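Visitor: Generate the whole structure from the sequences, applying the supplied hints.
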Amino acid sequence: MTELIKLKEKQGGKLKSLFFGILVFAGILLFADLEPGKPEITRTFAIAMLMAIWWVTEALPLSVTALVPIAAFPMLGVIDGRTVSEAYINHIIFLFIGGFIMALAMERWNLHKRIALVILKAVGVSQARILFGFMLASMLLSMWISNTATTMMMIPIVTSIIYKIEESIGRKRISKYALGLLFGIAYSSSIGGMATLVGTPTNLICVRIFSVLYPSAPEISFSQWFIFALPVTIIMFVAAFFLLYFLYKPKEKWHELS
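Mapping the sequence shown onto our numbering, position 237 (from 1) lands on 237, and the numbers just tick up by one.
Don't read these hints as lab results, they were simulated from the structure. Keep in mind it's a predicted model, so treat the numbers as computed, not measured. Ideal Cβ positions, reconstructed from N, Cα and C, are used throughout, including at glycine. One or more of the hints may lead you astray.
Claimed, not checked - FRET-style restraints, in silico, Cβ to Cβ:
{"#": "1", "residue 1": "Ala66", "residue 2": "Glu35", "range": "20 to 30 Å"}
{"#": "2", "residue 1": "Phe222", "residue 2": "Glu167", "range": "39 to 49 Å"}
{"#": "3", "residue 1": "Phe19", "residue 2": "Leu230", "range": "42 to 52 Å"}
{"#": "4", "residue 1": "Ala217", "residue 2": "Pro36", "range": "34 to 44 Å"}
{"#": "5", "residue 1": "Glu35", "residue 2": "Ser211", "range": "23 to 33 Å"}
{"#": "6", "residue 1": "Ile220", "residue 2": "Trp55", "range": "25 to 35 Å"}
{"#": "7", "residue 1": "Ser216", "residue 2": "Leu67", "range": "28 to 38 Å"}
As the list claims (entries may be wrong) - In the DSS-like style, the derived pairs of lysine-lysine whose C-alpha atoms are separated by at most 27 Å in a straight line are:
{"#": "8", "residue 1": "Lys249", "residue 2": "Lys164"}
{"#": "9", "residue 1": "Lys121", "residue 2": "Lys16"}
{"#": "10", "residue 1": "Lys121", "residue 2": "Lys249"}
{"#": "11", "residue 1": "Lys172", "residue 2": "Lys249"}
{"#": "12", "residue 1": "Lys164", "residue 2": "Lys121"}
{"#": "13", "residue 1": "Lys164", "residue 2": "Lys113"}
{"#": "14", "residue 1": "Lys251", "residue 2": "Lys172"}
{"#": "15", "residue 1": "Lys164", "residue 2": "Lys38"}
{"#": "16", "residue 1": "Lys38", "residue 2": "Lys121"}
{"#": "17", "residue 1": "Lys113", "residue 2": "Lys38"}
{"#": "18", "residue 1": "Lys249", "residue 2": "Lys113"}
{"#": "19", "residue 1": "Lys251", "residue 2": "Lys176"}
{"#": "20", "residue 1": "Lys164", "residue 2": "Lys176"}
Guide: Put into structure tokens, the structure is as follows:
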């Protein structure tokens with residue numbers, strides 16, 4: 001009964017947010033004039049505010065709110081429907097989708113676990129090597145799937161390793177090193193995402209903005225981005241590894257703790 005009441009309250013809150021967004025939208029259209037003679041600017045701002053309110057309050061599913069411009073822009077004369085629709089089927093969007101599908105496939109078959117375990121087996125089990133192995137695995141995975149997905153897939157593996165070590169030496173003696181491992185996953189996932197266009201959505205957004213601002217310039221290809229970004233990625237990875245190791249390494253060696 002309590003859950004039903006909470007559900008009704010939640011639905012009621014979403015309904016209020018839905019109408020509040022519409023009220024703000026209508027108010028801007030009726031009473032605001034951001035630039036005389038250019039009503040499209042005011043209409044665009046009204047749509048942006050409507051979407052912002054619905055996104056923040058989650059009055060509608062986020063993906064549904066994202067589709068508002070398809071109907072709103074042509075109806076208000078901001079942009080024609082063809083131009084708006086083309087933005088939703090841009091090749092950048094399909095690169096996004098490809099990266100997400102790859103992440104789902106890797107998680108479905110535990111490929112990320114296999115990669116991490118193979119790397120750990122190759123590098124060894126000292127403090128530095130465990131940190132390096134997990135950071136390397138995170139960086140390599142993040143080159144092909146999003147940073148967030150990589151972090152979410154790697155954290156359970158790292159925490160299981162931390163718990164195993166904790167059983168042997170105690171929580172107090174592993175807590176500092178465990179923090180370094182978790183930071184290592186987060187940092188290396190972000191660093192690895194820079195190496196390829198599909199590594200993180202911001203790379204694709206950057207390329208898209210570049211093509212819009214400079215339409216006559218040569219398009220940035222996947223290989224060009226990779227050649228430029230890989231050396232930077234490697235340098236930042238090495239720097240992050242040494243920084244984290246020296247900040248969070250435990251005082252004792254593994255063989256001294258056994």
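Visitor: Could you check the hint for me, namely that Phe19 and Leu230 are 42 to 52 Å apart, CB to CB?
Guide: Given a distance of about 51 Å, which is inside 42 to 52 Å, the answer is holds.
Visitor: Do Ala66 and Glu35 keep their Cβ atoms within the hinted range of 20 to 30 Å?
Guide: holds (26 Å)
Visitor: Is 23 to 33 Å a correct range for the gap between the Cβ atoms of Glu35 and Ser211?
Guide: holds (27 Å)
Visitor: Given the hinted pair Lys164 and Lys176, is their alpha-carbon gap at most 27 Å?
Guide: With a Cα-Cα distance of about 15 Å, the restraint between Lys164 and Lys176 holds, given a limit of 27 Å.
Visitor: CA of Lys251 to CA of Lys172, is that 27 Å or under?
Guide: holds (12 Å)
Visitor: For the range 28 to 38 Å, tell me whether the beta carbons of Ser216 and Leu67 fit it or not.
Guide: This hint holds: roughly 32 Å between Cβ atoms.
Visitor: If I claimed the Cβ atoms of Ile220 and Trp55 lie 25 to 35 Å apart, would that claim hold in this structure?
Guide: holds (29 Å)
Visitor: Looking only at beta-carbon atoms, does the pair Phe222, Glu167 fall within the given range of 39 to 49 Å?
Guide: About 45 Å separates the Cβ atoms of Phe222 and Glu167, which means 39 to 49 Å holds.
Visitor: For the pair supplied as a hint, Lys121 and Lys249, is the alpha-carbon distance within the 27 Å limit?
Guide: Since the Cα atoms of Lys121 and Lys249 sit roughly 20 Å apart, the hinted pair holds (cutoff 27 Å).
Visitor: Between Ala217 and Pro36, does the beta-carbon spacing fit 34 to 44 Å?
Guide: holds (35 Å)
Visitor: Going straight from one Cα to the other, do Lys38 and Lys121 come out at no more than 27 Å?
Guide: violated (64 Å)
Visitor: Verify the proposed pairing of Lys164 with Lys113, using a straight-line Cα cut of 27 Å.
Guide: holds (16 Å)
Hints 9, 15, 16 and 17, counting from the list given before, are not met by this structure.
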